[in-house]
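A.B. asks: Go by the hints and put chain W onto chain C.
So you can see what is in the structure, the chains are spelled out below.
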Amino acid sequence: MKDFGELILALDATTKTNDKLDSMVSFLNSATDADKLWFVALLSGKRPKRPVKTSFLREWAAEVSGIPLWLLEESYHVVGDLAETVALILPDVTETSEKTLDDRMQDLLGLKSLEEEEVKAYIVSAWAEMNKTERFVFNKLITGGFRIGVSQKLIVRALARHLSEEENLIAHRLMGNWDPQNVTFQKLLVEPDENENLSRPYPFYLAYPLEDTPQSLGDIHDWQLEYKWDGIRGQLILRNGEIFVWSRGEELVTERFPELEKLKDFLPNDCVIDGEIMAFKDGAPLTFNHLQTRIGRKKVSKKILEESPVVMIAYDLLELEGQDLREEAMDYRRAELEKIVASAKADSLMISEKIEPLNWGEAAKLREKSREVLSEGLMLKRRNSTYKVGRKRGDWWKWKVDPMSIDAVMIYAMRGHGRRANLYSDYTFAVWKGDELVPFAKAYSGLTDKEMQSVDQFVKKNTVERFGPVRSVKPELVFEIGFEGIAPSTRHKSGIALRFPRILRRRLDKRPEEANTLDDLKSILDFYNI
Amino acid sequence: MRLIEFTEKGLYCPQGDFYIDPWRPVDKAVITHAHADHSRWGMKSYLTHHQSIPVMKHRLGDISVAGLEFGEERKMNGVSVSLFPAGHIPGSAQVRVEYKGEIWVITGDYKLIDDGISTPFESVKCHSLVTESTFGLPVYKWKPQEEVFREMNDWWRENREQGLASVILGYSLGKAQRILCSIDPSIGPILLHGAIHNSNLALIDAGLKFPETELITKDTPKEKYRGALIIAPPSAFGSPWMRKLKPYKVGTASGWMSLRGARRRRNVDRGFVLSDHADWDELNQAVEASEAEKIYVTHGYTNIFSNWLKEQGLDAEPVTTEYEGELSEIGEGANQEKEAE
Numbered sequence: 017m018k019d020f021g022e023l024i025l026a027l028d029a030t031t032k033t034n035d036k037l038d039s040m041v042s043f044l045n046s047a048t049d050a051d052k053l054w055f056v057a058l059l060s061g062k063r064p065k066r067p068v069k070t071s072f073l074r075e076w077a078a079e080v081s082g083i084p085l086w087l088l089e090e091s092y093h094v095v096g097d098l099a100e101t102v103a104l105i106l107p108d109v110t111e112t113s114e115k116t117l118d119d120r121m122q123d124l125l126g127l128k129s130l131e132e133e134e135v136k137a138y139i140v141s142a143w144a145e146m147n148k149t150e151r152f153v154f155n156k157l158i159t160g161g162f163r164i165g166v167s168q169k170l171i172v173r174a175l176a177r178h179l180s181e182e183e184n185l186i187a188h189r190l191m192g193n194w195d196p197q198n199v200t201f202q203k204l205l206v207e208p209d210e211n212e213n214l215s216r217p218y219p220f221y222l223a224y225p226l227e228d229t230p231q232s233l234g235d236i237h238d239w240q241l242e243y244k245w246d247g248i249r250g251q252l253i254l255r256n257g258e259i260f261v262w263s264r265g266e267e268l269v270t271e272r273f274p275e276l277e278k279l280k281d282f283l284p285n286d287c288v289i290d291g292e293i294m295a296f297k298d299g300a301p302l303t304f305n306h307l308q309t310r311i312g313r314k315k316v317s318k319k320i321l322e323e324s325p326v327v328m329i330a331y332d333l334l335e336l337e338g339q340d341l342r343e344e345a346m347d348y349r350r351a352e353l354e355k356i357v358a359s360a361k362a363d364s365l366m367i368s369e370k371i372e373p374l375n376w377g378e379a380a381k382l383r384e385k386s387r388e389v390l391s392e393g394l395m396l397k398r399r400n401s402t403y404k405v406g407r408k409r410g411d412w413w414k415w416k417v418d419p420m421s422i423d424a425v426m427i428y429a430m431r432g433h434g435r436r437a438n439l440y441s442d443y444t445f446a447v448w449k450g451d452e453l454v455p456f457a458k459a460y461s462g463l464t465d466k467e468m469q470s471v472d473q474f475v476k477k478n479t480v481e482r483f484g485p486v487r488s489v490k491p492e493l494v495f496e497i498g499f500e501g502i503a504p505s506t507r508h509k510s511g512i513a514l515r516f517p518r519i520l521r522r523r524l525d526k527r528p529e530e531a532n533t534l535d536d537l538k539s540i541l542d543f544y545n546i
Numbered sequence: 007m008r009l010i011e012f013t014e015k016g017l018y019c020p021q022g023d024f025y026i027d028p029w030r031p032v033d034k035a036v037i038t039h040a041h042a043d044h045s046r047w048g049m050k051s052y053l054t055h056h057q058s059i060p061v062m063k064h065r066l067g068d069i070s071v072a073g074l075e076f077g078e079e080r081k082m083n084g085v086s087v088s089l090f091p092a093g094h095i096p097g098s099a100q101v102r103v104e105y106k107g108e109i110w111v112i113t114g115d116y117k118l119i120d121d122g123i124s125t126p127f128e129s130v131k132c133h134s135l136v137t138e139s140t141f142g143l144p145v146y147k148w149k150p151q152e153e154v155f156r157e158m159n160d161w162w163r164e165n166r167e168q169g170l171a172s173v174i175l176g177y178s179l180g181k182a183q184r185i186l187c188s189i190d191p192s193i194g195p196i197l198l199h200g201a202i203h204n205s206n207l208a209l210i211d212a213g214l215k216f217p218e219t220e221l222i223t224k225d226t227p228k229e230k231y232r233g234a235l236i237i238a239p240p241s242a243f244g245s246p247w248m249r250k251l252k253p254y255k256v257g258t259a260s261g262w263m264s265l266r267g268a269r270r271r272r273n274v275d276r277g278f279v280l281s282d283h284a285d286w287d288e289l290n291q292a293v294e295a296s297e298a299e300k301i302y303v304t305h306g307y308t309n310i311f312s313n314w315l316k317e318q319g320l321d322a323e324p325v326t327t328e329y330e331g332e333l334s335e336i337g338e339g340a341n342q343e344k345e346a347e
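In order, the protein sequences belong to chains C and W.
Going by our numbering, the first sequence opens with residue 17, and the numbers climb by one from there.
Going by our numbering, the second sequence opens with residue 7, and the numbers climb by one from there.
Next up, chain C with everything else stripped away, as it sits in the complex (with noise of 0.2 Å):
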């Protein structure tokens, strides 16, 4: 596994995208077939399920390494991960195993069959063989989650130049659910067979959010201008009379939703369609919270499919009757979906409105107004644009309405993950009620690293007590929160739940006395769950 891990030191090492590429690409050159699938599956997320507690291997890696169990624990919330403390504080090793990646993975999937003390002996074993670097690895092969920057366009970039094929074709063989153990690296990659590809999506074209004013994209003639919708993107796929739901999680969803499999009965072509599953009920979009009850469950019973259905709001036609279309102008693409939608006449099928407004003024009025239809904002795509892979700037945009904002004061930090490790960066906010403080969200993202860090000097000196990683600070320091949605929860102690909570900006301008009060979340949470 020597070339595996010299492969993640050197992804680790670099931030430059060319000299991680090249990494990849000499590493795929040189592995083997069955070590190629592992690091593709590996690093695209598609880990076998985790073989080992890590509870388990905190206990052991403290008693091989003799140290109690509570240091490694205080170990780990600097560090920030779990396989990297672990590799950390074991002894060194000066003999190390051939062992290959495969030979790991292997092993790995073999442990399930066996007791307790012989996993234990395994692992242990393991560790003893390996230098530091293999060691995060394996650790990292249990415990999931590389985090190296490593997109999956970057895996697609170094698969092709090594195969020497089209980018797109690469991206499209690696859609969809295949399992490393029940396929190979050649059949996967290099001859894939049409039959078994029925069900097959194609890569998503996403958006940038818009960066400079709209008025810079031309003349809005050119533009076709849609509310962005709130909902999950998905694909819906009808080939051979068979009907597939892609996520864009690139997960088969399709038995979650009965409302879009029996679509197979309506649409009056093969064809596959781009658009945004939604809540939708009585001719209006339901809030996001209501598909959240139908996210993550497989059977769905009837009570929930009454209270909550779904519709898919179409957006895009990417095959018709076998043939792809995405080298298709949108507005072609746009006129046969119209004529699909329609001739299907199922409630569960809809089309995305073009909404026209006149001038660029206008679509900024829409813009602001388009939460009252539980949009999101607005989406703006070039009329005679292409269907691309992946996100790329200049044809499709996302403009965004600016999220809600509440003043809030932090009251507790924790140490960070990844980037953030050993530094105070994760923050919970409350705000006020009389004159208490009641915590309303956590939040860990929107500062600048400087900023960052001077709020850690702050967390430092002015903890009030700590609980385990968590410090419990002077009330001092108010920040702006922003978030997507808010609504209400019986789990949290304020009432509310907010989505996608972030850190807008810091107010050094207000004293914490003068951040909002629970009856101003309150009277938001009012105004958009009605």
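There are no misleading hints in this set.
Covered by chain C, according to a simulated footprint, are these stretches of chain W (three or more residues, beta-carbon under 8 Å):
# : segment
1 : 138-145
2 : 265-279
Pairs of lysine-lysine, DSS-like flavour, derived with a Cα cap of 30 Å:
#  : chain 1 : residue 1 : chain 2 : residue 2
3  : W       : 147       : C       : 115
4  : C       : 476       : W       : 316
5  : W       : 15        : C       : 490
6  : C       : 32        : W       : 149
7  : C       : 476       : W       : 300
8  : C       : 477       : W       : 15
9  : W       : 149       : C       : 136
10 : C       : 466       : W       : 252
11 : C       : 136       : W       : 147
12 : W       : 255       : C       : 148
13 : W       : 230       : C       : 32
14 : C       : 466       : W       : 147
15 : W       : 300       : C       : 477
16 : W       : 255       : C       : 169
17 : W       : 149       : C       : 148
18 : W       : 215       : W       : 230
19 : W       : 147       : C       : 69
20 : W       : 149       : C       : 18
21 : C       : 62        : C       : 148
22 : W       : 147       : C       : 32
23 : W       : 255       : C       : 32
24 : W       : 147       : C       : 148
If you're looking for bench data, these hints aren't it; they were derived computationally from the structure.
For every residue, glycine included, the Cβ atom is placed at its ideal position computed from N, Cα and C.
C.D. replies: Below, chain W without anything else, positioned relative to chain C:
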């Protein structure tokens, strides 16, 4: 009355009426070493190892300072004060304080291994030990320095072959000279940032010797940078001064570089795990060798390390100070200007 008290101005010896590494202006200060968080401006008189004097004068200007040899004794109102090598940087010392048979040792910053430029650490037996704990967690274990310098030489060679400059960031006092004296000078020319050049001049006054280097000035021609090794202080990172060195690769040499999080946050091409502080094993070794009955743990993971010592059956407690350890080396100290000369 305790022999040493922990006050708002720093560690204080009431019987001898002097402070050790105070962070507020006082009359009499005994200084462990010349780093800015231990040797501050504004004391009426300073007492320190004689090797620290040229650097302190260079940094603090015209100060009233007296020098001691290692092991030499100075009486202050009946209290015996002497210095013993701490191995942290040239001139760095532990302060031994004795009165009526009671002995305290204040370590300042220290490491146990011989770095080739600092007088190596000597263990001193005492009743009470005040130890730092910058890297007082079991995840911090340094590999042999030979291995680190081998990595550094390889990295420089590789960059040189590609026609790139290799910029290494490290404290201008201590770390920079350690690198300078351990790197292989046959690989190519070595150039210095002004802050490091100035420290070198002060250290040459203190009796140290260095390989041949060249100071970078605004007239240094661009082609000189290609393939060269350039040593600069952490504060140079991202500065206009640094942009002139392009194209380059940049590495940071610090104990913090053993953690991926710190490495990624620093956003350098390469992190070298090289520290002038004791690692976990060295801290434990130093505590044990002191045979102290009471241990006070200062700057670093004070709570965690003292809890660990307590579990080992020792009488330990954490103490709050304003020392920074190595944090400003990765641009995370409170005093960001520490390295600006």
